[in-house]
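The opening position of the sequence shown corresponds to residue 1 in UniProt numbering, with each subsequent residue numbered one higher.
Simulated from the structure, these hints should not be mistaken for lab results. Careful: at least some of the hints might be erroneous.
[As the list claims (entries may be wrong)] Ranges of calculated distance between the beta carbons of each label pair, as one might list FRET restraints: (1) R150 / H98: 47 to 57 Å; (2) P62 / G94: 36 to 46 Å; (3) T136 / G70: 27 to 37 Å; (4) E167 / H80: 55 to 65 Å; (5) P62 / P83: 26 to 36 Å.
Note that the Cβ used here is the ideal one computed from N, Cα and C, for glycine as well.
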Amino acid sequence: MRCFFDDRLPGLLHSWVIATISEARLGKAPGFEVQQVVHIGASSVPARGKSLGRPTSFTSPPPRVEFLNGTGAVVPCVAHGSPPPRVTWSTRTGQPLHEVPGLRHMRADGSLVLPPFRAEDFKEDVHSAVYRCLATNSMGTIGSHDVRVRAGELFPNFFLLSIKKAES
1 MRCFFDDRLP
11 GLLHSWVIAT
21 ISEARLGKAP
31 GFEVQQVVHI
41 GASSVPARGK
51 SLGRPTSFTS
61 PPPRVEFLNG
71 TGAVVPCVAH
81 GSPPPRVTWS
91 TRTGQPLHEV
101 PGLRHMRADG
111 SLVLPPFRAE
121 DFKEDVHSAV
131 YRCLATNSMG
141 TIGSHDVRVR
151 AGELFPNFFL
161 LSIKKAES
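Go ahead and model the full structure; you've got the sequences and the hints to work with.
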């Protein structure tokens, strides 16, 4: 599998393009032909040359997720493809994520769930971490950009007030 970044393609600014290649032709690289094009973003990219299947679309999660310990967070990750991909999550270093009971789990729809938690249950490797969403099928694996997650503490009896100077 060959992976490259190309911001010259129309409509793909800052998008990753991943192509499975075979012995044929790819632009100016003799001997290669694009068989499948997969892109991370909201729309799909048509494959050039012979296609082995429909292009896969991958909607990346937000790059930053900040939340309060009393509210929790759900980080979505959606992938579509043929064959249908399996969505998983990993750490920044590529280690697969595992459930941490009561603090982190993955839903069947591919979302990463960080439920509400008590301040004393804060775990830096769960609540102040960098994650990546991965979509895998028989054509290969694509990954999202880094997702920085940070939980803050919800202080009881804390109010946000809007103050306006009284007119004299």
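A quick look at each hint next to the structure:
no.	hint	in the structure
1	R150 / H98: 47 to 57 Å	violated, 20 Å
2	P62 / G94: 36 to 46 Å	violated, 21 Å
3	T136 / G70: 27 to 37 Å	holds, 34 Å
4	E167 / H80: 55 to 65 Å	holds, 57 Å
5	P62 / P83: 26 to 36 Å	holds, 27 Å
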